[in-house]
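Those protein sequence lines, which keep their order, are chains A and B. The first sequence maps to residues 787 to 1213 in my numbering. The second sequence maps to residues 787 to 1213 in my numbering.
No wet-lab data here; the hints were simulated from the structure. If a hint is listed, it holds; no wrong ones were tucked in.
Put simply, identical chains are the same to the list, so a pair is met inside one copy or across any two.
SDA-like cross-link-like pairs, simulated, lysine to any residue; straight-line CA separation at most 25 Å:
#1 K909 x S935
#2 K819 x G852
#3 K1159 x E1189
#4 K812 x G1162
#5 K1086 x L848
#6 K909 x N961
Number of protein chains: 2
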Amino acid sequence: MPNMYEAMTDAELDAAIAELEAEADKVRALNLKLDMARGKPSPEQTALSKPMLDLLTSETDLTDEGVAVDNYGLPDGIPSARKLAAQILGVDAANVIVNGSSSLNLMHDTVCHAFLHGIGGEKPWSQQGEVKFLCPAPGYDRHFTVTQSFGIKNIPVPMTADGPDMDVVREYVENDPAVKGIWCVPMYANPTGITYSDETVRAFAALKPAAPDFRVFWDNAYCVHTFAEEGDTLLNIFDALAEAGADNLVYEFGSTAKVTFPSSGIAFMTASPADMAEIRSAFSVMRVGPEKIGQLAHVKFLRDLDGVHEHMKKHAAVVGPRFALVQEKLSAGLAETGVATWTEPRGGYFVSFDGPEGSAKAIVALMAELGVKLTGAGATWPYGEDPKDTNIRIAPTFPTLEELGQALDVFVIAVKLVSARLAKASR
Amino acid sequence: MPNMYEAMTDAELDAAIAELEAEADKVRALNLKLDMARGKPSPEQTALSKPMLDLLTSETDLTDEGVAVDNYGLPDGIPSARKLAAQILGVDAANVIVNGSSSLNLMHDTVCHAFLHGIGGEKPWSQQGEVKFLCPAPGYDRHFTVTQSFGIKNIPVPMTADGPDMDVVREYVENDPAVKGIWCVPMYANPTGITYSDETVRAFAALKPAAPDFRVFWDNAYCVHTFAEEGDTLLNIFDALAEAGADNLVYEFGSTAKVTFPSSGIAFMTASPADMAEIRSAFSVMRVGPEKIGQLAHVKFLRDLDGVHEHMKKHAAVVGPRFALVQEKLSAGLAETGVATWTEPRGGYFVSFDGPEGSAKAIVALMAELGVKLTGAGATWPYGEDPKDTNIRIAPTFPTLEELGQALDVFVIAVKLVSARLAKASR
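Please build the complete structure, drawing on both the sequences and the hints.
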């Protein structure tokens, strides 16, 4: 589809801009205060987990498989929570640690451990000169910030509809021993919403890293977060590793931040037995014990993987209509213009939107002016630098359906106006 | 009091050893399995906080001063929890962060931040060559392990009945810019149980560090943990700093680990506004949000400082008799022998015991053989090296009174036997 504004005559384009500016002025007069910025569950969603608060009382037996959960001990988490997390990730509970409420914090501490102490018997990353991380982009800004904070060089890798471009990944990983890791959200990726294909997952498992202390950071944050009738399926990376005869290659992370309560969920990680032994030892210095009472509440509430899926259906009923509205509004408003493309995920928290080259910053700025907060343009790229300035992350879960509809109407106007102005500026 | 065994004739000493060995054999035959190793509340104590679990239900309004606690946000903790923590520490809530359940983890991350990124506008510690920390000893092993894990050189400083020997501290801090910190447990110190005198606290506030990025790590872990009728009082370090016109000198930490539930309490820290601004910025990369639902439960349960003191009285009723039993058993068994000294704290979790030179490792080993686990000898010193091998940390809270009595009876036999053998070996 050609860019509608580029195809217009000068007079038509001026008229279109004038009309869009008039529409924008009307919006400006409404003094809206809307937020489509962060992947945050709506109050309707967090309310779904309130019954969890009834499950522990002063009468509850605070033991798990015979061990006290209300005292120090069990640094790997309570046995039943480790089993639940193992089911969610499809791995052996013996290799699972459940600790804290934030998987990002587990990732940070894992990078920190490798940086300061080294992994796999190698020297600390901090003593190996320049160290690099691959960052499939668009991706998750807070991943990139973690490695950046250690002075690690973040390198963008193109994302495709099947996951990161594995030719590029392989080229880096197998030839450059300074490449120590890659950030992945393999299912309902942040922000594209795509799920890595089986071929991509197998390509990860088949990597022969130049660095023995290279690891894939597999942030399976949205592994149970399907909202469509038919969800995606993700090949289990540890099954793929076994198939490939590989080991000590992947750290996998997950949490219930968007299953139960953001910031008050349970976070967990898994890896090979050898990698987990190192992590255990590192955590024994960094942390005391995990919040085991919260873990017990989670197990009583979610029970097992079936319980999780059942609960996630309730989230889907809240979230699904919001994502449908995004598709409806963007299609109705922009399909004919030829200025934009966007993803159509079946799960997760985001839609990834691409406007014309050089438009994203201007759209986000105009939206802010019109009273709608979006994720900062460029945030989805390492160092906040989107090379073509096209990508915007849409986070539709937090607003009400009505607010979301309003915000998307404004978004359509903003995209059109910025696109039309760009077309004019290029003449 | 002279060492009784040293004063004996050879024949008397041989008879004493034979008698003590017979007593030890009788104990060995009992196959005891007792534990006086870690500062762990007893089940009676953790049960005191179970009513907290009734205070949040599915009907509870999950907001705090109008802000949602069941979603992302409030990285400093919920306002009411910050106020509660501020009351406990006697500081301004504006300078308090409540995050996670482990103050040790907050300390680790603060050291990590200074090490990797630098504090007070100075270069990262990691780029300043050899960096040193002062470790008043005997002290808390897990403090020492944190700095050791960064390759920081731990330097023991003598402890007195009034706190660390401040002449030694001043000498190091004011002359050596490589000295970046000191580990302190200012109230009911781990393990001596003493509380720093006002003079000591003022001496800390008056320090003029050679390094602008020197900080006192003030771990006020036991600030409300009095079990005696009359407790100790600790001069507020921030009041002393204000008096001295000093600033940016102290990080203070605390938690409810031994108020409510170990590993499921709330942890907090405070410092000057400038220091806290740095910590906030560091935590915004390291962590997502704190467990705010647990914070709300804590506020509902403990309410305010009066509520905390009221609750701690219940702990005192459980813990007090255990500490009294330690004094009773040690006095009855060892006062006449002249081989040992020990502290008599009015709060906290430990009694610090010193036997003859070269006895501690042997006593702990013999105790293990007789079925009683003690904290490893040397653990209270940096690198586990107690230069005179005298110090043993007694942790009397976890066993029942009956078990504790048994364990102490065995301890008296072990101390006597090891002391008698040492006396013989030195002839």
